[in-house]
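Protein sequences, first through last, are from chains E and A. Taking the working numbering as reference, the numbering of the first sequence is continuous, increasing by one, and the terminal residue is 497. Taking the working numbering as reference, the numbering of the second sequence is continuous, increasing by one, and the terminal residue is 436.
Don't read these hints as lab results, they were simulated from the structure. Values in this document were obtained by computation on a predicted structure and should not be read as measured data. Just so it is clear, CB atoms sit at the ideal spot from N, CA and C, and this is done for glycine as well. It is possible that part of the hints are untrue.
Residues on chain A that point at chain E, a partial pick, calculated with CB under 8 Å [unchecked claim]: (1) I49; (2) Q51; (3) N52; (4) T53; (5) Q57; (6) S74; (7) E102; (8) G109; (9) R133; (10) C154; (11) Y357; (12) S360; (13) D362; (14) N394; (15) L434; (16) N436.
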Amino acid sequence: MFELLKLACDIATRTGCQFADARYLDIRKQRVMSRDHALSGCNDSEDCGFGVRVLYQGSWGFASSPNYSAAEVEQVVTLALQIARASARAPRAGGVQWAPEPPQKFSYRSDCRVDPFAVSLEEKAGLLVSANEVMLKNDAVKRAQGYLLFKRVQRWYANSEGAELHSDVTSSESVIWAIAVGQGDFQDRNWKAPSCSRGFEAYDRTEFLAQAERVAAEAEEKLSARLAPEGEFDIVTDSENLSLTIHESVGHATELDRVMGYEVSMAGSSFVTRDKRGRFRYGSDAVTLMADNTLEHGLATQGFDDDGVPGQRWEIVKDGIFQTYSSGREFAHYVDEERSRGSCRADHWSSIPIVRIPNLLLMPGKQELGPEELIADVRHGLYFEGMDSFSIDQWRLNFQFGGNAVWEIRNGKKAGMLKAALYQSRTPTFWNACDATCDASHWRAHGIMNCGKGDPMQIAQMTHGAAPTRFRNIRICRGRDA
Amino acid sequence: MKREQCENLIAGILAIPHAGELQVTLHGSERLGTRFNDCAISQNTLKRQHTLTLCARLGQKQTSLSINRLDDRERIRRSVEQVFANCEHMPDDEELLPAPGNRLESREHAYSEETEALDIDSVGRRVGDACHAGAAAGIDLAELLCVKKEFAAYADSAGGFAYERSHLCDYHVTASGADGSGWAEHKGVSLTEDALMRATRRAIDKCRGAQHPKVFEPRPATVILEPQAVGDLLSMAFWCGFDQRAADEGRSALSDFNEVLGRLSLYSDPASPLFPTVAFNSGGEALEKAVWLDQGRPQQLVTSRYWASQKQIVAKPSPANLILSGDGSSLEDLIRGTADGILVTRFWYIRSTDPKTLGFTGMTRDGTYRIENGAVTYPVVDMRWNDSALRVLGQVIDSGVPVATGEFFPMVMPALKVDAFNFTSLSN
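The following block holds chain E by itself, in its conformation from the complex:
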């Protein structure tokens, strides 16, 4: 497989390119969907092709093709060069400063014990439809749905420096949800089997059925929940809810390409300017956020990134102080780092790599602490579980998040459910309001499979982890008028 990729790099080098790399991807996906008592669809796809990126006289060119042959490789390199020459009409002052990386040759395979593509459709249908049937036993539930998504990406990478890398990553995701109708309202409740780089062994029928029953009951309970109060309250978030807050308010904020203005035309920039490195108080002492692209079963764990840099582990926030960014080889020099953090990924063989959020983890508290004790120290507050409405400004400062289920906390105990609750804050204010996070025994990882960034948009995946965590005096508002 490497032969033609190396041919692409050789042609580019002979033509005078400073750097070239070539990737071949073989992507297989299956999405199985259920609606009430039936499967509403099963879509398989097979998608393969290659892309060639060249750096010519300080300007980038990229072209791609699904047809993998020597003649096509030659044409695609020619096209990439033509595009690089067109790019040179508006070159970057000082050119591209490409961080060095010793060329490596290795192969990475994610942990996949049961190949999901080899599991029968009957078994997958059984998992989803039986969960739906459990949810539909609840009379308030008028619609039960779910899906299973499996993805296998095999990737071969070579560059003009001599790297030859291969990865084979299988990932999966499943969600079931119930929509309850009644009392002049409708409400949904879902359960996500944590998305991760694992095979079908990640799915357990018994757990699906147990979660289905809980989801249906809580969807019904949401119908009669009272509207959330407004004002300042202490909040406790579960690990799933907080994983999205980590993603939006820390993950995107600390992508170095955004900071340097490369994403201004769409995703925006960041308030975490370079002068903040090593000294800005991002959060309280309880907040340490670790990037880890070596995390087992992590969705951003792929062995190496699409600049040919192996996965790494580094601190983004340590004891509340901002340390450094996620980066790629084009960006490391902006913060005087000699090596890329290995966090540059493309979502397809026809996409150019961009800086992406790594697996990003809020480290658990060092003291023994469980969620009940966390809640026990709240007189009047809210407990947020699961992901719902999420919105953040283009500097990653002002944000507002909901939860898929929210409970009131009264005198240290979870009381009734609340409707339409949203927490609104500014990133440093919020993280500095964190006064405790539970210990490692309560820490959970949650995958994000649909992170959009880039222009045109690319979709990436990564994992976030956290334990239940408490924040003091956070503004609560409502998504529905009283």
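Based on the hints, put chain A in the right spot on chain E.
Chain A only, in chain E's frame:
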């Protein structure tokens, strides 16, 4: 791929022996994407793709399989066998209907000879010109020029066939100053150099007017939403709330809804000269003009063929564009008629906060200004808002001339002047 090539390829696929019904969708695109920031090109890409989707049906069972290699006949034959083999393992779905079997005329409203002729060099030249305009003005520009050339074909074993080519040009530019930014776009099936430079100059002007913003304490205020802001809000509202079955089953904001939403009409029309689209969907259904709100009165919503058969009504497929009628006022007139308000260039990160009321939240971005006594007086710090799309439509005071916009979906929207839009907190 030309029509004849598609017809030949699809005829060969339909001729592969198979047991049940086969639907074939073929889609191809070439996308030139040039992106720059800080007045330098940061990405320049050419993306060519083909996708062949085979949808097999055996009785009340159905599955699909997509592949992207069209030059490997043996692989295609194996794929046809595989999709039918998968189909046998599916449980029955009582909601499946036979393929429509429509032979549709190729209308190609969204095809432009001018865009077809654009190549890497001409796109690079246009972007270079915009870069130089930014450099000359001493302002950082970040932008994308994306030119997409596509074709779509559909066929089924009941004799249905459709084929169309289409184009889409998307240019949007953000101009950044020390503490404020401006934004403008051009969208449509073609892009002239004049249109690109007009958008660039507009972004630069907006940016100049956005420096040194002041705080406007967030509260309900009269607002003028420019077309992109309107498009972003209404596209979210449409996809969250305008489904007939969900409405009939109590799962929509428009369930048992008897109110009139202002006086504007919302409709779709693939033949709209302002933003034409392909006139059929991936299920082989023709897309015709469809009215969703008639002078504010909700009409029959998006209705699948299955739901239409259950309710004995006509099917109304999901549209390919959305058009909101306007009152025809110019933006200047809207501003002149406003004693106290806020002008919003665009929104960002709109998300649902309450499906029951079509409640949404979002931020203003890239040019938010105070209006006092009929004139724009100063820029204001960006704000978050929380409001209901239904309430916004019901509170329109005046509106402008519809223009092409839409971040992810073709929209033709006027500027709207809305009473008591609910700003709730400050941004940066």
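Cross-check of the supplied hints:
no.	hint	result
1	I49	holds, 4 Å
2	Q51	holds, 5 Å
3	N52	holds, 4 Å
4	T53	holds, 4 Å
5	Q57	holds, 6 Å
6	S74	holds, 4 Å
7	E102	holds, 7 Å
8	G109	violated, 21 Å
9	R133	holds, 7 Å
10	C154	holds, 6 Å
11	Y357	holds, 4 Å
12	S360	holds, 6 Å
13	D362	holds, 4 Å
14	N394	holds, 7 Å
15	L434	holds, 7 Å
16	N436	holds, 5 Å
This entry does not satisfy hint 8, going by the numbered hints stated previously; all others are met.
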